[in-house]
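Protein chains: 2
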Amino acid sequence: MKARVYVSFKPTVLDPQGVAVRSALHSLGFDQVDDVRQGKFFEILLAGGLSAAEARRQIEAMAQDVLANPVIEDYQFELIE
Amino acid sequence: MKARVYVSFKPTVLDPQGVAVRSALHSLGFDQVDDVRQGKFFEILLAGGLSAAEARRQIEAMAQDVLANPVIEDYQFELIE
Numbered sequence: 750m751k752a753r754v755y756v757s758f759k760p761t762v763l764d765p766q767g768v769a770v771r772s773a774l775h776s777l778g779f780d781q782v783d784d785v786r787q788g789k790f791f792e793i794l795l796a797g798g799l800s801a802a803e804a805r806r807q808i809e810a811m812a813q814d815v816l817a818n819p820v821i822e823d824y825q826f827e828l829i830e
Numbered sequence: 750m751k752a753r754v755y756v757s758f759k760p761t762v763l764d765p766q767g768v769a770v771r772s773a774l775h776s777l778g779f780d781q782v783d784d785v786r787q788g789k790f791f792e793i794l795l796a797g798g799l800s801a802a803e804a805r806r807q808i809e810a811m812a813q814d815v816l817a818n819p820v821i822e823d824y825q826f827e828l829i830e
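Residue numbers (our numbering), protein chains in the order written: chain A, 750 to 830; chain B, 750 to 830.
No lab work stands behind these hints: they were computed from the structure.
Certain hints may be false.
The list treats identical chains as interchangeable, and a pair is accepted whether it falls inside one copy or across any two copies.
What the hints assert, rightly or not - In the EDC-like style, the derived pairs of lysine to aspartate or glutamate whose C-alpha atoms are separated by at most 20 Å in a straight line are: (1) Lys751 x Glu792; (2) Lys759 x Glu803; (3) Lys759 x Asp783; (4) Lys751 x Asp784; (5) Lys751 x Asp780; (6) Lys751 x Asp783.
Same shape as in the complex, but just chain A (with noise of 0.2 Å):
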């Protein structure tokens, strides 16, 4: 089974990386770029024999506990297949 863990800045934290992305689009030329907001995300396979339920409960612990810092980052996550 696989999951994908989205990580990002909540929205009220400053991301100077995205910042330093919209300003490098725009003097490329991609004007039309009003905001950038860069994030992480997580691939992670998980042995076979867990269920949907089992796995659901395990990425939510290492999101909330490793993966991502919930004093200033939210998280998303969701089971592929």
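Since the structure of chain A is provided, determine the placement of chain B on it from the hints.
Relative to chain A, chain B alone:
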């Protein structure tokens, strides 16, 4: 209009961050994790008034020229709204 661009290493390229995350998860007791690959994503807000086709063309150009390094990275994108 909003788009999301996902960038990750090609499957044949070593992903040291993913390896480190897998190892951290194992050491915390998440033994079911077989593999982790890490990537990044960009949430791009485009100015209103662009057609979907034009937005798609611009996002493709940004991904190809700026956001990803096509030698070692793959990208995917989706228009969200």
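task = May I ask which of the numbered hints given earlier this structure violates, with the numbers listed in increasing order?
result = Per hint list: single violation, 2.
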